[in-house]
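Student: Okay, here's what each chain looks like letter by letter:
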Amino acid sequence: MRREDIKQVQGLKVAALVSVGRHPVTGRPRRADFDARAVEMGLSLVAPENMSLLHAGECSPERESALRGYLGMGIGALDVLDQPPEADIVPALEARLREMGARLVLCGARGEMGEASGLVPFLLAERLGWSLVSGLAQIESVDGDSMTVLQALPRGQRRRLKVRLPAVVTVDAAAQAARQSAYGPARRGELRRIEGEVTPDAAARDWNTAPAKKRPKRLKIVKAASARDRFKAAAAKAEGGGGQVLTGLSPQAGAEAILKLLREEGVLR
Amino acid sequence: MNDIVRRDPRSEWIARNRLHPEHDAVLARMGGGAPAAQWMGPNGVIRRDPHAVGFIGPNGIRRIDRSGAQSAGAGGAARREAAAAPARRRVDIDTPAFFIAVVADMPGGRLSAHDRDLLGLARQLADAETDGAVLLVSFGDPRETGLGEAGVDRVLNFAGEQFEGYAPELRLTALGGVERQHAPRHWLFPDSPLGGAELGRRFAARLGERPATQVWQIADGRCTGRGAAGASDITRELPRIVLALPECAEPVADTVHAAEAIAPPAALPQALRRVEDLGAVAVDPAGVALAEAEFILSAGNGIHDWDGFHQAARVLGATEGASRVAVDNGFMPRHRQVGATGTWVTARVYLSAGISGAVQHLQGIQQCDKVVAINTDAGCDMVKRADLAVIADTGEVLAALVELVEGGRKEQRNAA
Amino acid sequence: MAQFDALFQPIQIGKLTIRNRIVSTAHAEVYATDGGMTTERYIKYYEEKAKGGLGLAICGGSSVVAIDSPQSWWSSVNLSTDRIIPHFQNLADAMHKHGAKIMIQITHMGRRSRWDGENWPHLVSPSGIREPVHRATCKTIEPEEIERIIGNYAQAARRAKEGGLDGVELSAVHQHLIDQFWSPRVNHRTDEWGGSFENRMRFGMEVLKAVRAEVGRDFVVGMRICGDEFHPDGLTHEDMKQIAKYYSDTGLLDFIGVIGSGCDTHNTLANVIPNMSYPPEPFLHLAAGIKEVVSVPVIHAQNIKDPNQAQRILEGGYVDLVGMTRAHIADPHFVNKIKLGQVDQIRQCVGANYCIDRQYQGLDVLCIQNAATSREHQGLPHIIEKSTGPKRKVVVVGGGPAGMEAARVAAERGHDVTLFEKNDALGGQISLAARAPQRDQMAGITRWYQLELARLKIDLRLGVAADAATIMDLRPDIVVLAVGGHPFIEQNPHWGAEEGLVVSSWDVLAGKVAPGKNVLVYDTICEFSGMSVADYLADKGAKVEIVTDDIKPGVAIGGTTFPTYYRSLYPKEVIMTGDLMLEKVYREGDKLVALLENEYTGAKEERVVDQIVIENGVRPDEALYYELKPGARNKGQVNIEELFAMQPQSSLAEAGEGYLLFRIGDCVSQHNTHGAILDALRLCKDF
Amino acid sequence: MLDVVLPILIFAALALALAGALRRIGLWRQGRAAPVQLLAGLAAMPRRYLVDLHHVVARDKVFANTHVATGGGFVLAALLLIAVHGFGLESRVLAWALLAATAVMFVGALRVAARRKDPPARLSRGPWMRLPKSLFAFSVSVFLVTLPAAGVLPAGFGGWALAAVLALVVAWGLGEMFFGMTWGGPMKHAFAGALHLAFHRRPERFGGGRSTGLKPLDLNDASAPLGVGKPVDFTWNQLLGFDACVQCGRCEAMCPAFAAGQPLNPKKLIQDMVVGLAGGTDAAYAGSPYPGMPVGEHGGDVHSPIVLREGRALVDADTLWSCTTCRACVEECPMMIEHVDAIVDMRRHLTMEHGNTPNKGGEVLENLAATDNPGGFDPASRMNWAADLDLPLISARGSAEVLLWLGDGAFDMRNQRTLRALVKVLRAAKVDFAVLGNDELDSGDVARRLGDEATFQSLAARNIATLAQYRFEHIVTCDPHSFHVLKNEYPALGGHYDVSHHSTYISQLMAAGRLALGQWSGGKVTYHDPCYLGRYNGEYEAPRNALKGIGIKVVEMERSGFRSRCCGGGGGAPITDIPGKQRIPDMRMAEINATGADIVAVGCPQCTAMLEGVVGERAEVLDIAELVAAQLAAAPAQRVKEEVTA
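Protein chains in written order, with our numbering: chain W, 1 to 269; chain D, 1001 to 1416; chain R, 2001 to 2687; chain C, 3001 to 3646.
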């Protein structure tokens, strides 16, 4: 859908939480993909002026250029809650969100650096007492105190939900890709540093972090103890065994049997 | 039925006397007991039925005794048992010392492979100390029959329509009830977009517990999970709540458990319902990637009416797949090829139309839950693999399916 | 990302960089001549793969390091003499010229050989236990001999290095001497060479150390092991993981190759080179299991034949390199075709195992579908060049393997080709062969031709039985007859073929005749077709006995294929009976009676059945040939001196009116698929 | 009566023309400042006009003569008219000269009229259709009124009625020729064109020079606009240049996008810029429209955006993104207007301010920023293709005679064949060469053409820094885009190199006898000139010489050399992928097929990709390097291994 097609919602204040991402191939800092999609989703609802961007974390020059990537989407300013790397950013974000008065907070499903557990939106929603929906593909409409959204399910499926506002929502790869970030607005945009309280993340202090170990997907589990069975399990071709075979039926009767199974499995919509 | 027994004492006598020249012929004629393996033909040439040699011995194994001392009669009662699968060890835990709770996704009411891996993990945690029990918490209408084999000691099912579909707030309240009642030592959730990922995080936030997410390994009281979008591994003390990835452990294979149902907490506090499920939205099946399609209609050599096939896919809302032959013959594009040399698919239902089932193809559909075959050849490998096979003309069955579905939809519309 | 990017990621093995992840793994080529030297044919065979873009070839399966491990049975490479060094230099230069790397597998086969030839050695093994596949007896090896052989290994490795090869692979697979020491199944020693894990590992370790000491750190030394012996008293997967880790941890190894299954029984041997009845990559899980515990690159082969499959395996991170050995026998230009975006033009291995089954009979390795493979030295081309001569009208009659190949080659030469096939589909007897259970992959041969003939835009006329008039209407310059023949069931009139008492295997496989309930298959050929038709009938629920006048049914089927037939036939309780001749068939009521006579005693016996199927080979169809022969400029004659020398037929160059007539394949006399394709290629490549 | 009327008419016309000129200059000066040498430019103008411009015009011999007659006649006549009739200089000689001038002009006008009778589609109509009549009016009337002065007719001949009629006709002529020259009209080109030549933004082009590199933006100046969003963002001499357009449509006839039915017509684009500079709509435009877009719906003024995100303004974004930057329009323009500069300027605004690069544009730019190559490949895999070639890395040696610049074709399987062939040739000639390996980054070409000057400058700066670490004599590359950027666009950022296209280098190796080559025995071969090698860098001969060196006689296409047609692959066009009625490479392949060639020789990875992408019957596409490598006399097998370890 072209973003121009969506009606802008008047009077709605939207905030997007953004983080510094990491390019999967080169590891260079960038705007995080899911976060950028969240911003894009916000821009489908409101004009850039009514969209607040919020980042909690450090603001080194390298990270700054990544954060400017969000400004390059046409938004004038980004608030940076200055937080050291070992801080728990949730209290700071919560306080800031309460101050801002946003009714809708958009978040990428998870970050691309650090723990990236995807917990922040859940903790915020819990603390703020707001609605939460995850995995949004699209916000279809916002109407007063609620909004209608499409939630992405696995296997490309979609579900329509009605969500009471205020709400925190998370966005992942199912949502529309973020618009290109433009150099001019990114350069001009303002990074507003906000000093705030710092809560140390004590729990994470004892963690060991290492580069991810490659983990090939499981092949077959051959449990059999006997050599013959291990042999057979490897060399035999896939056979179900015990299936129902219907012969001598009319095509209609065959079709009915199939239809019954399709209905039972719930794949027929 | 006439229960008067007819007898032919002479034949019986010959049958008993294996040295009688007509012994085998009589046995063959009588048909009872072991069929004769050889007898004299009318032209004075020995006739043999090599298929009739031997009999099933007392161990259920074919036995040949050329001395004739033993014959079928002796082992007549023997059953074939050799084929039976090795029995699993039964484990019952009467009074659980503690619980490891697993909140399974159970798509369609059955355990997913991911769920089974989690149960395997739960089993490890439960078995680390005596009388630890695995508690499965499930929602909606359960259709799984193999919970005991999957390693479940106790099942706590929240049945009822209100738990179906997307009801995270209600489910959260329910889990809260379980927490108060049973206080499991650990809570395990599949970190999957099917629901576990969200429910687990909600629950952790509700309890104020810091969970470990994207966990793929638990060992020695520590767990390792992915961080930084899969780029790093974070190892830490095992927390109470764990959201684990597929293949975090091997599913239970050696034991079978009670899977005894226990009652859910009687009264749950009223959940605040801020999210309402308005139902599924139709999506274009052609837009769904073959590898992740839920429902695939796949075409092979047996398809002659290609328009009919495409129409069937459209009407059924299935993603289209194809066998290699259909692709090589130019009827389907290369990216639609299913199999070890094409795309591996994971559909919940794989409906194969006119595919005989080359070994590469069968390999590629290994992970499909239900395979349905339409084929004219009852002996083909696809039919052997299928959970349901209809032996009939593929085009006709598809046409009938289309008619049934469209007819049904029309009725619904008229009724509405 | 590019579709096949994982294949084209270079990899470092030791100090060596391999340009891609595709390997031709060690196999016995049966081409080393002059006492085991890598001579012209050997080099050209490998050079073609290098030209075709292969990353690494490990040549010389079971190449011997010592003279008491005979080399002559499989014409394998002999590294027991310095005489090999200049030959290796030629081989290495030929490979390196095209950017490929070349290593060789070196081994002492211990008990796994035959003693009754060459130097008539007393074979050695840890505990003198006989080897079943080669029916070999052996002595218990003495420590002095062990020391000698360790030295032989080191010298062999030195020769490989001096010959400019890039590395050696120690064979510790297929029950060669190293893994004979490993396996408690055959190592019952109580001295320092047996018993405990370390002791059983000792021989391999000493070999590795000696080799490393001889060649230094920069030369690649790898080891090929199995992933699970699949014997109750053999090494399990867990054992193999322990072994792999043990050697990998020494830091002396540069790579490990993993093969699923042991090899010292007929049944396990069939696993090693899985034929078309196996699923793709059946033993990948074993290789992946080894990779989990070692720190060096892991190579795995076994039923990896397709670029998508290879990409999936490498991308999944299961192993580091894929062996695509038979894939390269079928098409040595496999890699380049991927690079050129011609994946559909790859002649894909179908797993017929013609290659390996010939090898086990001591015959040179050939490909069922690619007649150019291993005939590079004779000038048979893999890539057919366009002719610079006149464009000709070529009419090919018959769409079996001979006809399809003839049409393909003539079209590649740039001629105007028409192909007639009387059936509605191409394939000829291949289509029949593919009807049998577990043999459906045979159709892959036809499928490739179909795609190629379509790409080459030949004029394909299916469902047309060409007669002389139709052919002449096209005003051909050349007519190639490849019409095949018919089942020879009329040979013995007492069989009653005319009265319809017996049917042919073709009738059954083609579905012209419904399977009976109680069937006797009489097979005089003892190859695939008889076993296939028996399997087909049994699969349809028939009670089947297959009888032959030969030693036993399927006796002519090679070592990696008969076991898979047996696995299919025994569970269906098909009876296999040898040494009985079918004398006569007669009707008795609604039954048929077959009168059989014992070849050796003359004793007669009968079978009462309801269907009798005869497999008695093919009788050529010659009518069309004799009709066309008088009008042909060359009177239908093929100059066999030129043909066998792979030279152009001189009749092509002779001027004159009218057409040339040639016939190839089964319509001359019965050959096999390879024979048909060879006839076509060697004749038509010069059109 | 005429002696009274004529001076009044003449001086009135001159005065009005002067006023118009001042107004016009005022319009141009709305543009941004530009570094121009005013006096030197003016001084050079006549030569630029008579030599450089005429050189272009003279490609159409007939029309060149027409223009000399008409234009030359007019300029002379106008000067004499002022002298004879304006100042009343009584000189028979002058009068006769004036007669002669008008006669020459008349002859020219006849030719102009003949051409306008059934004009080709590329010519604009509208006011241009009356131009021959105006020329007649001027020349005939001035001729007639001069007859008395020449003494052919008595003064006062014909009485007042005739005089009045003549005066009116003279007025018409003067109006068109003098007044129209500055107030807008067909003759505007003479005035603006002359000044355009004087103040041209690329004075290097005159005197046979070549200037094709895009000019850098100063990104350190935060106040400078990022490209051109409104007409005022152009420099004043760019605006002046637009005004010089004669609407001859030679650009249109050459434009591949126009021919393919994409919404671009360079002539219309320049006219739209004129609309933008003066304000109004394009309703008066009387030439071929942008294909598929009706005329009259676009308009704007100098301070309004040229492209709107929504709705219509002066031009649509698709028009700007249709350009392949092939420079065929620039090459063909008799007024030497710089279309490509203008288009890229406007693209810069769209990309850097709007973030609106169509289709895959955004993705490609993001890839370039994150991975330094447009495909998003792992930068560490740049040398994967050459794993078996053991290419010497310059980082390991510090210096080499030739630095082989691989370009992003290193990631592309097709181009890898070309690169391998080139390596083979270099090795056969025993050239001392090395590569940057994984230190090489994308040259920045595509980022720059897509308007992302920031990414371009970042890549360029890093490449220049890398190159600065090593010593080498030449850079050789098989990618004309890299070639152009390294040679013509890096100097402005401080990188100065001796760069050769591989065909140039190979032909030099051949000439030096360093290659033992066999002779071609294959089929017919034609050659496709890459835009960035040919028009951008004037290299037409070397590729042909290289082919000649292996015995290939090139069968030329109808459009070849400086008139070669683009393959459609330049300027990021395959990335932005603006739909048309047909595809540019299909048109090009049709031209290739028309020669009956079996093989088309190419010298550019883009061209190779585009031409090989043509579906259906087509000639085989082979790079010059591949053709030459195939003719290398079989070298003795060399042991490559030693070379590596060395």
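Note that these hints are calculated values from the structure, not bench results.
As the structure is a prediction and not an experimental result, all values here were calculated from the model.
Note that CB positions come from ideal geometry on N, CA and C, so glycine has one too.
It is possible that some hints are incorrect.
[Unchecked claim] Pulled a few chain R residues facing chain W out of the computed Cβ check, cut under 10 Å:
id: 1; residue: Pro-2184
id: 2; residue: Asn-2187
id: 3; residue: His-2188
id: 4; residue: Phe-2197
id: 5; residue: Asn-2199
id: 6; residue: Asp-2233
id: 7; residue: Glu-2281
id: 8; residue: His-2285
id: 9; residue: Ala-2288
id: 10; residue: Ser-2295
id: 11; residue: Lys-2552
Student: Compare the structure with each hint and give your call.
Tutor: How the hints compare with the structure:
1. Pro-2184: This hint is violated: R:Pro-2184 lies away from chain W, its Cβ roughly 13 Å from the closest one there, beyond 10 Å.
2. Asn-2187: violated (17 Å)
3. His-2188: violated (19 Å)
4. Phe-2197: violated (19 Å)
5. Asn-2199: violated (23 Å)
6. Asp-2233: holds (8 Å)
7. Glu-2281: Cβ of R:Glu-2281 sits 9 Å from chain W, so the hint holds.
8. His-2285: Holds: closest Cβ of chain W sits about 4 Å from R:His-2285, inside 10 Å.
9. Ala-2288: holds (6 Å)
10. Ser-2295: violated (13 Å)
11. Lys-2552: violated (23 Å)
When held up to the earlier numbered hints, the structure conflicts with 1, 2, 3, 4, 5, 10, 11 and fits the remainder.
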